[in-house]
Amino acid sequence: MKALGVLSIEPYWDGAQFTGSLPGQGRFTTTGSWDEILRESATQRLMTLESVGQSPDRLSIVTVTEQALIYPLVANLPDAPLVVAGGIAAGGAFEVVANPDGGGAGVPLSVWSDLDVDLLNGSTKTCSQQSFAEGNCSNSPYSQTGIQGPDILNNDVNFPDDLLEYIFNVPASQWTLLRNEADEVLSTCTSLGAATSGFIWVEGHCYITANTLVGNNTNPVILIVADGDLTINSGSMITGLVFSFRKPTTTSNYDIYMTGGARVIGGVIANHILGHANGYYHSTYHRDVLTRLQQHSSFQRLARVPGSWRDY
6 MKALGVLSIE
16 PYWDGAQFTG
26 SLPGQGRFTT
36 TGSWDEILRE
46 SATQRLMTLE
56 SVGQSPDRLS
66 IVTVTEQALI
76 YPLVANLPDA
86 PLVVAGGIAA
96 GGAFEVVANP
106 DGGGAGVPLS
116 VWSDLDVDLL
126 NGSTKTCSQQ
136 SFAEGNCSNS
146 PYSQTGIQGP
156 DILNNDVNFP
166 DDLLEYIFNV
176 PASQWTLLRN
186 EADEVLSTCT
196 SLGAATSGFI
206 WVEGHCYITA
216 NTLVGNNTNP
226 VILIVADGDL
236 TINSGSMITG
246 LVFSFRKPTT
256 TSNYDIYMTG
266 GARVIGGVIA
276 NHILGHANGY
286 YHSTYHRDVL
296 TRLQQHSSFQ
306 RLARVPGSWR
316 DY
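Numbering-wise (the working numbering), the sequence shown opens with residue 6 and increments by one.
No wet-lab data here; the hints were simulated from the structure.
No residue lacks a Cβ here, since even glycine has one placed at the ideal position from N, Cα and C.
Be aware that a few hints might be false.
Label pairs and their computed distance ranges (CB to CB) [claimed, not checked]:
{"id": "1", "residue 1": "G240", "residue 2": "E189", "range": "17 to 25 angstroms"}
{"id": "2", "residue 1": "T195", "residue 2": "G31", "range": "46 to 54 angstroms"}
{"id": "3", "residue 1": "D62", "residue 2": "S13", "range": "31 to 39 angstroms"}
{"id": "4", "residue 1": "G31", "residue 2": "A308", "range": "25 to 33 angstroms"}
{"id": "5", "residue 1": "L218", "residue 2": "L307", "range": "14 to 22 angstroms"}
{"id": "6", "residue 1": "D188", "residue 2": "S313", "range": "26 to 34 angstroms"}
{"id": "7", "residue 1": "V190", "residue 2": "G96", "range": "27 to 35 angstroms"}
{"id": "8", "residue 1": "S65", "residue 2": "E41", "range": "32 to 40 angstroms"}
{"id": "9", "residue 1": "D167", "residue 2": "S257", "range": "18 to 26 angstroms"}
{"id": "10", "residue 1": "S13", "residue 2": "S38", "range": "31 to 39 angstroms"}
{"id": "11", "residue 1": "D316", "residue 2": "L51", "range": "39 to 47 angstroms"}
{"id": "12", "residue 1": "G96", "residue 2": "T36", "range": "57 to 65 angstroms"}
{"id": "13", "residue 1": "L218", "residue 2": "P61", "range": "54 to 62 angstroms"}
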């Protein structure tokens, strides 16, 4: 059905009627109606498509209906700008700008982990959005080296067992299904830059050169780095969601390095321990950027509803 092709390109198509030609001068007319399916984390759209075809002599008419589900790639947005399965080791340092409502209305959340976040070593600080905007993060921290505030939630027994599944609704054991949804699958990050958009999957190490901008507030990116270190060099910035993903069968350790003011605007996630190799992380929570990852047409996907096809 041509309407499925339209939806794959325009996921927010309103179902307005369009017509087309069939072989032998036949004609068809297609319309759609939709219902919103509200979920706690995201809104999905169920489209009911109807296509009516006519023979060239207009004596035969066939009607076909089918349903399709339009859903966001990001099933759940991260509540904290830095989410880590496995904790942050003594070698790790970070500057994190909190989600002001990550722990509930008016309760800031900077770091969320299932294991310990070590603040005894390295340069570590978290702060509010306002303090960061005023350049006052160091003087008005929520947490800092040696002092852990309530904005860092570690050793959380309610932490998700599978971060990939929690964020993308795809179990880590089936990661290839998610990779197949990527707009680009790369082996390096040399091509990333201002023109980069959509969902990018990188196999292996990702090295972003100095003063490189990837994504923006209007068109953020999803960047998954699988089985590799992520290095973001001086003056560079990624706007969107960064996920450092270690595959279930991988035993090697990987880390994230940000130097000279490099940062991520949105959120950083890792499904493995960080800090074992003295990594540094700067993540600033940005609600609007993360919301766009669920609402932007680039991050909508289409699935046909099994058993919904009818013809009469």
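These are the hints, each one checked on the structure:
Restraint check, G240 to E189: a C-beta distance of roughly 24 angstroms satisfies the suggested window 17 to 25 angstroms. As the Cβ distance of T195 to G31 is approximately 50 angstroms, the hint placing it in 46 to 54 angstroms holds. Judged by the Cβ atoms, the range 31 to 39 angstroms given for D62 and S13 holds: they are separated by roughly 33 angstroms. For G31 paired with A308, a C-beta distance near 29 angstroms keeps the hint of 25 to 33 angstroms intact.
At roughly 30 angstroms, the beta-carbon separation of L218 and L307 lies outside the given 14 to 22 angstroms, and the hint is violated. For D188 and S313, the Cβ-Cβ distance of about 27 angstroms falls inside the hinted range of 26 to 34 angstroms, so the restraint holds. Checked against the given bound of 27 to 35 angstroms, the beta carbons of V190 and G96, roughly 31 angstroms apart, stay inside it. Distance hint check: the CB atoms of S65 and E41 are about 36 angstroms apart, consistent with the given range 32 to 40 angstroms.
Checked against the hint of 18 to 26 angstroms, the C-beta distance between D167 and S257 comes to roughly 19 angstroms, which is consistent with it. For the pair S13 and S38, the supplied restraint of 31 to 39 angstroms is violated, since their beta-carbon distance comes to about 18 angstroms. Here the CB-CB span from D316 to L51 is close to 20 angstroms, at odds with the stated 39 to 47 angstroms. Remark: the range hint 57 to 65 angstroms for G96 to T36 is upheld by a beta-carbon distance near 59 angstroms.
Hint check: L218 to P61, Cβ distance near 55 angstroms, so the stated range 54 to 62 angstroms holds.
In this structure, the earlier hints numbered 5, 10, 11 are contradicted, and the remaining ones agree with it.
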